[in-house]
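Each chain, letter by letter, is given below.
2 protein chains.
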Amino acid sequence: MLFRQGSVSVGVFQLVSGRLRLMRSTPGGADVPMHTVRPGELFAEASLFSSHYHCDAVALDNCEARLYPKAAVLRHFADRPEALWAFTQELAHRLQNVRTRLEIKQIRSATERVLQYLRLMSDSKGVWQRPGPLKHLAEDIGLTHEALYRALAKLEREGWIHRSGAEIRLCPP
Amino acid sequence: MLFRQGSVSVGVFQLVSGRLRLMRSTPGGADVPMHTVRPGELFAEASLFSSHYHCDAVALDNCEARLYPKAAVLRHFADRPEALWAFTQELAHRLQNVRTRLEIKQIRSATERVLQYLRLMSDSKGVWQRPGPLKHLAEDIGLTHEALYRALAKLEREGWIHRSGAEIRLCPP
Numbered sequence: 001m002l003f004r005q006g007s008v009s010v011g012v013f014q015l016v017s018g019r020l021r022l023m024r025s026t027p028g029g030a031d032v033p034m035h036t037v038r039p040g041e042l043f044a045e046a047s048l049f050s051s052h053y054h055c056d057a058v059a060l061d062n063c064e065a066r067l068y069p070k071a072a073v074l075r076h077f078a079d080r081p082e083a084l085w086a087f088t089q090e091l092a093h094r095l096q097n098v099r100t101r102l103e104i105k106q107i108r109s110a111t112e113r114v115l116q117y118l119r120l121m122s123d124s125k126g127v128w129q130r131p132g133p134l135k136h137l138a139e140d141i142g143l144t145h146e147a148l149y150r151a152l153a154k155l156e157r158e159g160w161i162h163r164s165g166a167e168i169r170l171c172p173p
Numbered sequence: 001m002l003f004r005q006g007s008v009s010v011g012v013f014q015l016v017s018g019r020l021r022l023m024r025s026t027p028g029g030a031d032v033p034m035h036t037v038r039p040g041e042l043f044a045e046a047s048l049f050s051s052h053y054h055c056d057a058v059a060l061d062n063c064e065a066r067l068y069p070k071a072a073v074l075r076h077f078a079d080r081p082e083a084l085w086a087f088t089q090e091l092a093h094r095l096q097n098v099r100t101r102l103e104i105k106q107i108r109s110a111t112e113r114v115l116q117y118l119r120l121m122s123d124s125k126g127v128w129q130r131p132g133p134l135k136h137l138a139e140d141i142g143l144t145h146e147a148l149y150r151a152l153a154k155l156e157r158e159g160w161i162h163r164s165g166a167e168i169r170l171c172p173p
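From first to last, the protein sequence lines stand for chains A and B. Just so we're aligned, residue 1 is where the first sequence starts under the working numbering, counting upward by one. Just so we're aligned, residue 1 is where the second sequence starts under the working numbering, counting upward by one.
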């Protein structure tokens, strides 16, 4: 347990390694998962705005996390407005990404879902660099590993994509 | 069409009435929906950080939207750091909400999904005030209207919730 719902917030964390889950205990006594944090991700940003944590942070396996103490972060933002601006930009960017994942999940066909995800996430040249293991992509778009592998194989067979290593390239129409 | 992908960004919008969809045109010529905007919602916040829009904004029916011109917003944030701070807080809050909706969608049982959503979104007294029509809740948690109605009826029958008007109260265990 990294922190508990209701305890005094000490700052923002970044997960370095491992997997960690944010959970909320409800009045009825149930523990409801809110979000699974992955390496590299910032979490508990809300603690900057609040004196207490709004959820539990529970390590799912051995985790390493970096703490950015609240007072230091607030001072840094106060002294350097451009740092606050960069943080705001990062939040706006992540909001966009999560919304896109929600929208993608409305698509019923696995093949179509994977293709649309790649279209949205690829760069201007139509290239998508896999940032982590393929199972993260499966989780992000709500498919089993097997369904994802089948969809990728089908897309490549039908000439929609070309795969090499951690790179997927959308083929021109 | 309110704005087009690639056109020069003029500012941030808030939808007053109607429904509007953010879409991205892909190199392959497909239009991929990214997000459906509802009344009250801010959109195109990314335009504050970028000279061009990254997507199309297409009205789905008659819409009214309020424009916050970019230069005015940036000046306001520069003059009043507390306004930028409030904006950052709003983004952090929305990110949390969208993540929670993604997590909720992993739950297969419709009844359980509705109950967990209410647990996460209700206030400290276990009360959830419906902010809009019930069909928005259905969309948010990925259920058909019918499945949502059935789940709510079942939860009430089994004594988990109590409904009156736009308010749903979680019953103590």
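No lab work stands behind these hints: they were computed from the structure. Take these hints with a grain of salt, some might be off.
Just so you know, same-sequence chains aren't split out, so a pair can sit in one copy or run between any two.
What the hints assert, rightly or not - Distance condition first, Cα-Cα at most 30 Å in a straight line; then the derived DSSO-like pairs of lysine-lysine: (1) 70 - 125; (2) 154 - 70; (3) 70 - 105; (4) 70 - 135; (5) 154 - 125; (6) 135 - 125; (7) 154 - 105; (8) 135 - 105.
In this text the structure is predicted, and so the values were computed from the model without any measurement.
Hint numbers not upheld by this structure, sorted from lowest to highest: 2, 3 and 4
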